[in-house]
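2 protein chains.
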Amino acid sequence: MQRFFDAHRAMLDGALKAVAERTYWSAAPEVPSGKIYGETAKADAEAAFKAYIGKPFEMDHPGGRRLGKEESPWGFALGITYPSASVDELIAASRRAATGWASASVEVRVGVCLEIVHRLNRQSFLIANAVQHTSGQPFVMAFQAGGPHAQDRALEAVAYAYQEMAKVPAKARWEKPQGGGQEPLRMDKQWRIVPRGIAVTIGCSTFPTWNSYPGMFASLATGNTVIVKPHPGAILPLAITVRICRDVLKEAGFDPNVVLLGVDEATAPISKDLVKHPNVAIVDFTGSPAFGRWVRDNAARGAQVYTEEAGVNSIVIDSASSFQGMCSNIAFSLALYSGQMCTAPQNIFVPRAGIDTDEGHKSFDEVARGIAGAVEKLVGKPDRAAALLGTLQSEATAARVKTVSEKAKPLLASKPYEVAGSPGARTATPAIFVAEAGDPSLYGEEQFGPISFVVATANTREAIDKAVELARTKGAITGSIYSTNEAVLDEAADRFAAAGVNLSCNLTGGIFVNQSAAFSDYHVSGANPAGNACLTDAAFVANRFRAVGIRRPAAA
Amino acid sequence: MQRFFDAHRAMLDGALKAVAERTYWSAAPEVPSGKIYGETAKADAEAAFKAYIGKPFEMDHPGGRRLGKEESPWGFALGITYPSASVDELIAASRRAATGWASASVEVRVGVCLEIVHRLNRQSFLIANAVQHTSGQPFVMAFQAGGPHAQDRALEAVAYAYQEMAKVPAKARWEKPQGGGQEPLRMDKQWRIVPRGIAVTIGCSTFPTWNSYPGMFASLATGNTVIVKPHPGAILPLAITVRICRDVLKEAGFDPNVVLLGVDEATAPISKDLVKHPNVAIVDFTGSPAFGRWVRDNAARGAQVYTEEAGVNSIVIDSASSFQGMCSNIAFSLALYSGQMCTAPQNIFVPRAGIDTDEGHKSFDEVARGIAGAVEKLVGKPDRAAALLGTLQSEATAARVKTVSEKAKPLLASKPYEVAGSPGARTATPAIFVAEAGDPSLYGEEQFGPISFVVATANTREAIDKAVELARTKGAITGSIYSTNEAVLDEAADRFAAAGVNLSCNLTGGIFVNQSAAFSDYHVSGANPAGNACLTDAAFVANRFRAVGIRRPAAA
Chain A
1 MQRFFDAHRA
11 MLDGALKAVA
21 ERTYWSAAPE
31 VPSGKIYGET
41 AKADAEAAFK
51 AYIGKPFEMD
61 HPGGRRLGKE
71 ESPWGFALGI
81 TYPSASVDEL
91 IAASRRAATG
101 WASASVEVRV
111 GVCLEIVHRL
121 NRQSFLIANA
131 VQHTSGQPFV
141 MAFQAGGPHA
151 QDRALEAVAY
161 AYQEMAKVPA
171 KARWEKPQGG
181 GQEPLRMDKQ
191 WRIVPRGIAV
201 TIGCSTFPTW
211 NSYPGMFASL
221 ATGNTVIVKP
231 HPGAILPLAI
241 TVRICRDVLK
251 EAGFDPNVVL
261 LGVDEATAPI
271 SKDLVKHPNV
281 AIVDFTGSPA
291 FGRWVRDNAA
301 RGAQVYTEEA
311 GVNSIVIDSA
321 SSFQGMCSNI
331 AFSLALYSGQ
341 MCTAPQNIFV
351 PRAGIDTDEG
361 HKSFDEVARG
371 IAGAVEKLVG
381 KPDRAAALLG
391 TLQSEATAAR
401 VKTVSEKAKP
411 LLASKPYEVA
421 GSPGARTATP
431 AIFVAEAGDP
441 SLYGEEQFGP
451 ISFVVATANT
461 REAIDKAVEL
471 ARTKGAITGS
481 IYSTNEAVLD
491 EAADRFAAAG
501 VNLSCNLTGG
511 IFVNQSAAFS
521 DYHVSGANPA
531 GNACLTDAAF
541 VANRFRAVGI
551 RRPAAA
Chain B
1 MQRFFDAHRA
11 MLDGALKAVA
21 ERTYWSAAPE
31 VPSGKIYGET
41 AKADAEAAFK
51 AYIGKPFEMD
61 HPGGRRLGKE
71 ESPWGFALGI
81 TYPSASVDEL
91 IAASRRAATG
101 WASASVEVRV
111 GVCLEIVHRL
121 NRQSFLIANA
131 VQHTSGQPFV
141 MAFQAGGPHA
151 QDRALEAVAY
161 AYQEMAKVPA
171 KARWEKPQGG
181 GQEPLRMDKQ
191 WRIVPRGIAV
201 TIGCSTFPTW
211 NSYPGMFASL
221 ATGNTVIVKP
231 HPGAILPLAI
241 TVRICRDVLK
251 EAGFDPNVVL
261 LGVDEATAPI
271 SKDLVKHPNV
281 AIVDFTGSPA
291 FGRWVRDNAA
301 RGAQVYTEEA
311 GVNSIVIDSA
321 SSFQGMCSNI
331 AFSLALYSGQ
341 MCTAPQNIFV
351 PRAGIDTDEG
361 HKSFDEVARG
371 IAGAVEKLVG
381 KPDRAAALLG
391 TLQSEATAAR
401 VKTVSEKAKP
411 LLASKPYEVA
421 GSPGARTATP
431 AIFVAEAGDP
441 SLYGEEQFGP
451 ISFVVATANT
461 REAIDKAVEL
471 ARTKGAITGS
481 IYSTNEAVLD
491 EAADRFAAAG
501 VNLSCNLTGG
511 IFVNQSAAFS
521 DYHVSGANPA
531 GNACLTDAAF
541 VANRFRAVGI
551 RRPAAA
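Chains as they are written, first to last, in the working numbering: chain A, 1 to 556; chain B, 1 to 556.
One or more of the hints may lead you astray.
For chains that are exact copies, the list does not tell them apart, and a pair is met inside one copy or across any two.
Dumping the calculated BS3-like pairs for lysine-lysine here, alpha-carbon to alpha-carbon at most 25 Å [claimed, not checked]:
1) Lys167 - Lys17
2) Lys474 - Lys250
3) Lys35 - Lys176
4) Lys17 - Lys176
5) Lys474 - Lys171
6) Lys167 - Lys69
7) Lys250 - Lys402
8) Lys250 - Lys167
9) Lys415 - Lys402
10) Lys69 - Lys474
11) Lys474 - Lys17
12) Lys69 - Lys272
13) Lys415 - Lys250
Treat the hints as calculated values from the structure; they're not laboratory data.
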């Protein structure tokens, strides 16, 4: 059963080369084009998605009941129900499936993973619809981030897993010279890759596929069985994914329960019972710091826990070689998916005395207004706003915009905007506030959603200090700085790196601090409270399996 | 300051090749020969060691007081005192030393590590004396395990660290094609290796260097500062080691406090305060499961913890192609360093109905007596006994031999033996007992020291079941099986591997189950309670540092 591995060998080799060089590479075209994905792919997927609405999701899967209460942030209930098994049923089915999967060769397992990635790619339009109507992302983003970019992250994890497993030789002849003309000691040794056990992947509501795939595929490739626990508000994208996994597993002769879907409801969550279960050996978690901490503290003894939690991302403005370019770039970063990306900036630290720019000196107020104006321009037209901002995934985010607006000093007020054809869409344009560095009561906490602060600091040094301090105490996934002074950029690079923050410098064009490219950017450093792991590096996969040796004296 | 790296490049390359192939390789000759280490090396080291006795150990090191109450298990007090700093002083000094070390290049840091390994090798005779008179090992073993073999394990860790760090490219040009005849998006990216912080290595009393070096060197090479916390009964080998580390660091222009010695006394231990300290980011621990569990549960939030704890190692006897060879081989394994190796077998499971051998059928009693007789023969002469058994490191082990002897059914009684010239040596020949598989009250727990059990089972299947069950519940580092039946060997391989136990098959010659060869055998699987980590594999080093990126638009 090595045909999948052979079929996708070139894709794997491309990924292996890419993760080593970390230059640009992608296996999955990001353009939602009929020329690439088939002329009818878009319409077919939309029809398929519509056919799901209000019906039981068809899937041969353990579990006697059906659950599901997803609502599209674009304004309608999905009304889809999914097979739901108890924690005990999930664990039992996963354990039964384990032996066959664990004893498959590395190539067979990796081949199955590659085939799954390949089939996910063919369903990119379907997954785009599913992601759009659970996360609330705009369609193109749902296609790219939920489809090809997520598939690339999956492939990246498979490549690392293959690389790490391939490092363990299958066998070796050990021959130790002996003194005094004696024959050498000779041993024949073999090593087996032994998986950890059951892996649980806990998904989030904003990036249900992108954030779940790395852990899922890293665990799967290394021989573990996987239980995918979607956020109760974003089940469909992972249900489609799990169904594809199960199809491929079955075709390859494995028990499809190697990958299971653990569906629950917000009122009766199963995540805690899964995480604490003594048979669970690996947990991949994306979600809030509060629950992340609970997972880290309560996972079964000895379980490996990989988290992406959250943080407070900052931009530091020291000076600008293109004031307009800077303002536009920042505005786009604030607007994209209404600030609901883990990589989106929240705080923009600006010296109180203003900054030097290509347009001359700009006061603090001029900088703040420049950014606010660029946001207004960007989201001024409703159709453009919808395509950029999307919708708010949860009511809690909408409420947060209101609460913060009542407390903070306004710079740009948030307001709902109309989405043509989606009357119930939950929308809000970006809210921007001004703050003083000395009062971190609001900007000093994560304010998830379309909420940002232009924060006045004594100088650039204090701006960097505040950004780095927040990264160390609250976590940060991204940082950004604008400066025409190389010494300032160097200092920022040192300081942000030491705090485990990936830094972007002087972004003014078509790259935004929010973007994290598979095969090139390490997503999350694992070195501050925003998460304890990186998607994806060697450390993310190397401990998901163990090597066990068998040795015997060699025949003479 | 890359001269150390350049000087030892061939040694590093040899180690990198060896860990990939896992065939026989060694950088440090294990023969305690004057031809290799210098004709006067042995005598010089003995004189140097004697000169330490009863005096303050000379070392420029933080700490206002002096501590040290080591006693040689060979029968005399060392009376050496060491500089001792408080936990706060150690942490403060370590933090001050951190920045310079973290910002050194990978090559410079790895070069410093290689130079330290090289200098440790030149001091192998001195370290042998120090290990002998703290662990109680016989001299040749103290030389080999404490010197060259430990140095090889250190080098192995450095090689993995180099390999993992080298995987992260220093920089890359990212160039993403754009459609419609537009210029590609171009970014220049750099990545920095960022260490975790302060690493604490907690040493043990039986293998003070061998078990400490992998964690120490893995942390050091990856840019962390290291506090070495020796067992209060085995300080000298690590004090010599740390002094060499500090000498090399100083010569290379670094703050010597990059490596510190945390000396304490049994009555006022500092390990817990170190492990809990919020600045401690990595803990490497070798010791008891009880304290190991405490360390795992109480290490500072987010700290990486790597443990080697303990377990119950088993031999399963199904049948034998050389009954004498088997008995001799097992006897040697039981006798070597009086069973005080973490790899030494404790339980020998034998079918109650006996086994088939090259000498015909042997009853259970004949097998038990065969092994006991081989032990008696091996340790019958006091001078040979001393060279093989060494002494008992602690009074607790001596007491355990007595306690178990009062409860268990005797097969071979333990007795003290005389060591010429060492009247106070703490000695005991191996005690062997017989037991029934159904009564695990004694054999089912780790009985550390020269204590073993020949356990009667219903059949080979039950023997494997019991061995594997103990591995899963109590941990096991090694397993061993004797069988002339390939199907039995295959089943054992599957079962032991699934329980994370490295298995040796049919050892009858000059290789013993206790032996774990650097660059070839992965020591501890990390997949059962005997330890959560392996010395050394990629997973042991890959998470001791993080990669952080800095990106900016490329100049056109």
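So, going through the hints one by one against the coordinates:
no., hint, in the structure
1, Lys167 - Lys17, "both (16 Å within a copy, 11 Å between copies)"
2, Lys474 - Lys250, "neither (44 Å within a copy, 37 Å between copies)"
3, Lys35 - Lys176, "between (61 Å within a copy, 20 Å between copies)"
4, Lys17 - Lys176, "between (36 Å within a copy, 16 Å between copies)"
5, Lys474 - Lys171, "neither (46 Å within a copy, 28 Å between copies)"
6, Lys167 - Lys69, "neither (45 Å within a copy, 45 Å between copies)"
7, Lys250 - Lys402, "neither (49 Å within a copy, 59 Å between copies)"
8, Lys250 - Lys167, "neither (28 Å within a copy, 36 Å between copies)"
9, Lys415 - Lys402, "within (10 Å within a copy, 81 Å between copies)"
10, Lys69 - Lys474, "neither (32 Å within a copy, 45 Å between copies)"
11, Lys474 - Lys17, "neither (35 Å within a copy, 42 Å between copies)"
12, Lys69 - Lys272, "within (20 Å within a copy, 49 Å between copies)"
13, Lys415 - Lys250, "neither (50 Å within a copy, 62 Å between copies)"
Checked against the numbered hints listed earlier, the structure breaks hints 2, 5, 6, 7, 8, 10, 11 and 13; every other hint is satisfied.
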